[in-house]
Amino acid sequence: GENVEQHPSTLSVQEGDSAVIKCTYSDSASNYFPWYKQELGKRPQLIIDIRSNVGEKKDQRIAVTLNKTAKHFSLHITETQPEDSAVYFCAATSGYSTLTFGKGTMLLVSP
Amino acid sequence: DTAVSQTPKYLVTQMGNDKSIKCEQNLGHDTMYWYKQDSKKFLKIMFSYNNKELIINETVPNRFSPKSPDKAHLNLHINSLELGDSAVYFCASSQDWGARVLTFGAGSRLTVL
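Protein chains in written order, with the working numbering: chain X, 1 to 111; chain L, 112 to 224.
Isolated chain X, as found in the complex (with noise of 0.2 Å):
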């Protein structure tokens, strides 16, 4: 089955800074790639996603990067705020099996 590794486990930013949250997976069938966002106390929300058939896609303030060959995929945010602070899921599928999450990113944006 699929493997997502997350990395890192927490990010600490000043307001203003970039972010990246990288990713790693394991099955080479996976072609969908979504990014969830959890702020505190509430539910996971789709952010953005990408698709095998592209190398990036970006919307606003965030972008996802995707290198098939190495087999991982990162999320960019830059001039980041405080509202941005939550934590990050990354996830992969081939679409014949459900999603496989990574362990998730703390992000923390500091004033």
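There could be a bad hint or two in this list.
[To be verified] According to the in silico footprint, chain X covers these stretches of chain L (three or more CB under 8 Å from chain X):
no.	segment
1	138-152
2	156-167
3	211-220
Calculated directly from the structure, the hints in this document are not laboratory data.
For glycine and all other residues, C-beta sits at the position ideal for the given N, C-alpha and C.
Add chain L to chain X, keeping to what the hints say.
Positioned in the frame of chain X, the structure of chain L alone reads:
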């Protein structure tokens, strides 16, 4: 109108008791899931149902029994609760089994004393 709703939101109970958590989705989705999130925040799939049929049953103790009376509802019953069952349980749904986007409920925080 809440898309995926769970009840109760909080549940505090003694070891050995039996409890249930209910989940309903009004999105018309075919597939529903139960996830367990422990204190380290790891999201672990427990069960998945597609059109009322069980399709995923991870290595979960048989004290946990899901039931799907129809495709809009997925309930979770837990017998003989143990301290280690304390966690947040999230219900989720997706359009169908091949769909990738999950919509989560707000979670049910279970505390076993």
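Outcome, coverage hint (the segment 138-152 of chain L, chain X; C-beta under 8 Å; three residues): It holds: at least three residues are needed, and the segment 138-152 of chain L offers 3 whose Cβ sits within less than 8 Å of chain X.
Within 8 Å of chain X (C-beta), three or more residues of the segment 211-220 of chain L: With 7 residues closer than 8 Å to chain X, the segment 211-220 of chain L meets the three-residue bar; holds.
Within 8 Å of chain X (C-beta), three or more residues of the segment 156-167 of chain L: Holds: 3 residues of the segment 156-167 of chain L have a Cβ under 8 Å from chain X.
The structure agrees with every numbered hint stated previously.
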